[in-house]
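Listed in order, the protein sequences are those of chains W and V. Sequential numbering from 1261 applies to the first sequence in my numbering. Sequential numbering from 1261 applies to the second sequence in my numbering.
Derived by calculation from the structure, the hints in this document are not laboratory data.
Calculated pairs, DSS-like style, for lysine-lysine (alpha carbon to alpha carbon, straight line, at most 25 Å):
#, chain 1, residue 1, chain 2, residue 2
1, W, Lys1289, V, Lys1271
2, V, Lys1406, V, Lys1386
3, W, Lys1406, V, Lys1381
4, V, Lys1289, V, Lys1400
5, V, Lys1386, W, Lys1406
6, W, Lys1272, V, Lys1289
7, W, Lys1404, W, Lys1289
8, W, Lys1281, W, Lys1271
9, W, Lys1386, V, Lys1406
10, W, Lys1386, W, Lys1406
11, V, Lys1312, W, Lys1276
2 protein chains.
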Amino acid sequence: MLLDEVLESNKKFVEKFNEIKLSPIPRKKLAIVTCMDTRLTDGFLEQAMGIKRGDAKIIKNAGNNVLNHDVIRSVAAAIFALGVEEVMLVGHHDCGMTRVGAEKLKITMVERGISTNEIAKVDIQKWIGAIESEESNVIKGVEKIKNSSFIPDDIPVHGLIIDPLTGIVDVLYNGYEVQI
Amino acid sequence: MLLDEVLESNKKFVEKFNEIKLSPIPRKKLAIVTCMDTRLTDGFLEQAMGIKRGDAKIIKNAGNNVLNHDVIRSVAAAIFALGVEEVMLVGHHDCGMTRVGAEKLKITMVERGISTNEIAKVDIQKWIGAIESEESNVIKGVEKIKNSSFIPDDIPVHGLIIDPLTGIVDVLYNGYEVQI
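Please model the entire structure based on the sequences and the hints provided.
Encoded structure:
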């Protein structure tokens, strides 16, 4: 089982790990909202942005989508409880959430035993958070964060996009206006 | 501005980075749900679990909370669109979300210009996702994922907790039952 493998790796990690007491308050007063994508893990995104352990809060979901209040409340907690003063929403090229088709998804769900009644209750493509374009999704997300009545007006919210192949970061929204 | 600093770091990163074409499909067929905490970034959590870039989908929010449908839809996308077969919800000791008090939070929000009318519309402690105990919050989250009508019954959902100081991972829920 994968759990045993993880626990075995953890034992080896702990033996060699040098304890460093870090504050939960992010050093760079930064919150990053990005995608759960498997290529943005194990330090890649952070290293591509010059972010070290202890520098930033990192929020991740499928498609770096600001769909409902979960991202907003996490960003709000980062601002009001943890001193964050700047937000960067980072999308990425080749996002799997652009390729989610409702019909194929429904078939897979039913095959895996999900109730057709439950599926029929929702607009499945909206429910799962499928996106049309990585760029417009970043802009939309930035605007949702900026327009939330729970986010202070003076917090800059930037919109960026990273290439998971090259690591290149481009600016789509510079905190105040769209750049594309 | 922090954005300029990030772009400057990115230039240096890209110059040295060796491109590797990785699939968006996670090698270990694993999705991890964890906290946005600043100490779990830049590879720490992944390395403590033996997870390499390309191995897993990683979902993060304030307090690794399964509050509304955002975590469920991300896990569902990982399962139905990206071949995930196992889920690990990983809480951590010393979580800032255990220290969020409603009154202090409201004062800070008003000081930062948030409308008292908007604040009065919600139960702010619930809204922000404050938690009482890191352990019980992991168990609750595992149960919410397992009980969702959009998650297949045969997907094991484990509940773990990591110490951000030592890196030690303990099992709270082994996929089938509570371990504490």
